[in-house]
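**Student:** Required output: the full structure, derived from the provided sequences and hints.
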Amino acid sequence: MPYSSPIRDRNSDTNNRQVIIVLIIFLTVISLIIYGLFAVINNVVNFIPISVEQRIGSLVVPSFERKNLANITNQQLNQLLDNLENKLPENSLVKRDYEIIYVPENVVNAIALPGNKIVIYEGLLKEVESENELMMILGHEIGHFANRDHLRSIGHLILIRIVINYFLGGSEILQSGADLSNLIVNARYSQNQEQKADLFGINLLNKYYDHVNGATDFFQRLNEEAKNNLNIAFLSSHPLPEKRVRRLEKLIKENNYSIKDKTALNITIER
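Heads up, the sequence shown is in our numbering, so the first residue is 1 and it goes up one at a time.
Since the hints were made in silico from the structure, they are not lab data. A hint or two may mislead.
Stated by the list, open to error - Distance condition first, Cα-Cα at most 30 Å in a straight line; then the derived DSSO-like pairs of lysine-lysine:
(1) 95 to 196
(2) 243 to 253
(3) 207 to 126
(4) 196 to 243
As the list claims (entries may be wrong) - If you anchor each label on the Cβ, the simulated ranges turn out as follows:
(5) 19 to 55: 42 to 52 Å
(6) 49 to 85: 15 to 25 Å
(7) 28 to 126: 47 to 57 Å
(8) 66 to 263: 30 to 40 Å
(9) 95 to 26: 43 to 53 Å
(10) 258 to 97: 26 to 36 Å
Ideal Cβ positions, reconstructed from N, Cα and C, are used throughout, including at glycine.
**Tutor:** Below you can see the structure in the form of structure tokens.
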């Protein structure tokens with residue numbers, strides 16, 4: 001019968017425990033550092049000047065503008081946006097010269113870009129059935145500008161890339177403006193960010209129409225389509241519509257918002 005030294009076994013167990021403890025300490029420290037960096041980004045973006053944000057936008061906006069058509073659809077959308085902007089508070093960070101970039105592609109999505117640009121796809125316009133629905137979407141996107149969520153998302157995604165490159169190798173963070181555009185298109189806001197943008201949007205909708213009818217219609221429709229397993233880009237970067245509708249209905253009830261007749265959407269969709 002082979003002899004096994006109990007002293008050697010005890011030493012081996014002790015060494016294994018020490019390695020595990022060191023590994024846990026190391027991972028904890030790294031996690032705290034990354035969490036701290038995310039917190040720094042969340043606070044720093046509040047101090048980024050609009051001029052710097054516009055320079056960031058200059059890297060990504062051209063790739064969307066190349067798809068844009070200066071047609072009647074683009075003009076009508078920007079007129080609606082201008083009307084909505086008139087209800088924004090004066091002398092505030094959110095009061096900017098926003099512009100819609102209309103992209104004639106069958107994609108159901110809307111995107112807030114650095115530089116005061118809002119991308120609206122043709123696919124989203126085809127899903128909207130009233131002016132009120134569209135204004136709620138635009139108000140939501142302006143809410144992201146007000147809270148500077150688009151800059152936070154860019155900062156978070158770049159930080160994640162830095163961490164991945166550090167541990168897995170590589171040096172390229174962003175190779176081009178197109179790479180940054182892909183980051184923005186695929187960015188997903190946190191639940192808290194989306195809730196704040198929805199709150200901003202519904203308050204602006206109420207200020208514009210003096211009621212909030214249509215605030216949930218678009219999201220209810222997406223919810224039905226999501227149940228049919230349809231691939232909708234809007235759902236990959238926004239919260240699940242069912243929860244969103246419940247939250248908006250709760251806001252409507254809590255604020256005692258009025259429900260009146262909706263306004264027909266008078267937009268001519270051209271390619």
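**Student:** Return the numbers of the hints above that this structure violates; sort them in rising order.
**Tutor:** none
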